[in-house]
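Colleague: Sequence:
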Amino acid sequence: MDELRYLRGYGERVMDQVRALIDSGRLAELLRNRYSASHEVRDDKALFEYVVAIKERYMRKAEPLNKVIYDNKLHVVKHALGTHTAISRNHGGKLKAAREIRIATLFRDAPAEFLEMIAVHELAHLKHRDHDKSFYQLCEHMSPHYHQLEFDLRLYLTQLELAAAPSRDRDGAAGAD
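Be aware that the sequence shown starts at 218, since it is given in my numbering, and climbs by one per residue.
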């Protein structure tokens, strides 16, 4: 198992620090201490209202959203924690775009800050398709600690994967529980 797959692209110094946290068993504690607040956005209606409120605060002139839902088909292994789509439909001789955001169901139980981060990320895609400088500037405008939250979300996903993995003995072989 590549235990640090969510952190690919980060420097070796950062990777060594994360490995040290994992080896000492302190990664989960660090995340719990930093992100202890849960949220009440439990269903699709509440999620729609939550995301639209962020959109109205920062992106009033952007096209309206038609749908925002939790999607249990989005999986981290496919590198999708959220998606944004604009589905064009012919309506009365005119093309109308129905804008949808789908957020992975794992955010239903994730800390509030991570839900905000993924909502901001998907909203930024309404204006910028690519992950370029202007995209990240918009993300930081909506969530000033966006980059830290994105990194910590990667730590959180790493911790979830480690917690779900079978126990390991010292040689790295699966333990017989």
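Read the hints as simulated data drawn from the structure, not as lab findings. Errors might be hidden in some of the hints.
As a list, the in silico BS3-like pairs of lysine-lysine whose alpha-carbon atoms are at most 25 Å apart [claimed, not checked]:
1. K344 x K284
2. K262 x K284
3. K262 x K350
4. K278 x K290
5. K290 x K262
6. K262 x K344
7. K350 x K278
Label pairs and their computed distance ranges (CB to CB) [as the list claims (entries may be wrong)]:
8. R222 x E357: 24 to 32 Å
9. S255 x Q365: 27 to 35 Å
10. F368 x E266: 40 to 48 Å
11. V269 x P383: 38 to 46 Å
Note that the structure is predicted; figures quoted are calculated from it, not measured. Just so you know, even glycine gets a beta-carbon here, dropped at the ideal spot from N, CA and C.
Colleague: Each hint: holds or not?
Modeller: Evaluation of the provided hints:
1. Between K344 and K284 the CA atoms are separated by roughly 17 Å; this keeps the pair inside 25 Å, and the hint holds.
2. For the hint linking K262 to K284, the alpha-carbon distance of about 9 Å falls within 25 Å, and the restraint holds.
3. Taken as a hint, the K262 and K350 pair is broken in the structure, with Cα atoms around 32 Å apart against an allowance of 25 Å.
4. Between K278 and K290 the alpha-carbon distance is near 30 Å, which puts this suggested pair outside the 25 Å criterion.
5. A C-alpha spacing of about 18 Å is found between K290 and K262, which places the hinted pair at or below 25 Å, so the restraint holds.
6. Simply put, K262 and K344 have alpha-carbon atoms about 23 Å apart, close enough for the 25 Å limit, and the pair holds.
7. A distance of roughly 21 Å separates the Cα atoms of K350 and K278; the hinted pair therefore holds under the 25 Å criterion.
8. For R222 paired with E357, a C-beta distance near 25 Å keeps the hint of 24 to 32 Å intact.
9. Look at S255 against Q365: about 19 Å separates their beta carbons, and that is not inside 27 to 35 Å.
10. For F368 and E266, the hinted distance range of 40 to 48 Å is not satisfied, since their beta carbons lie about 28 Å from each other.
11. In this structure, V269 and P383 meet the distance hint of 38 to 46 Å, their C-beta atoms being roughly 41 Å apart.
Figure legend: structure checked against the earlier numbered hints; hints not met, in rising order: 3, 4, 9 and 10.
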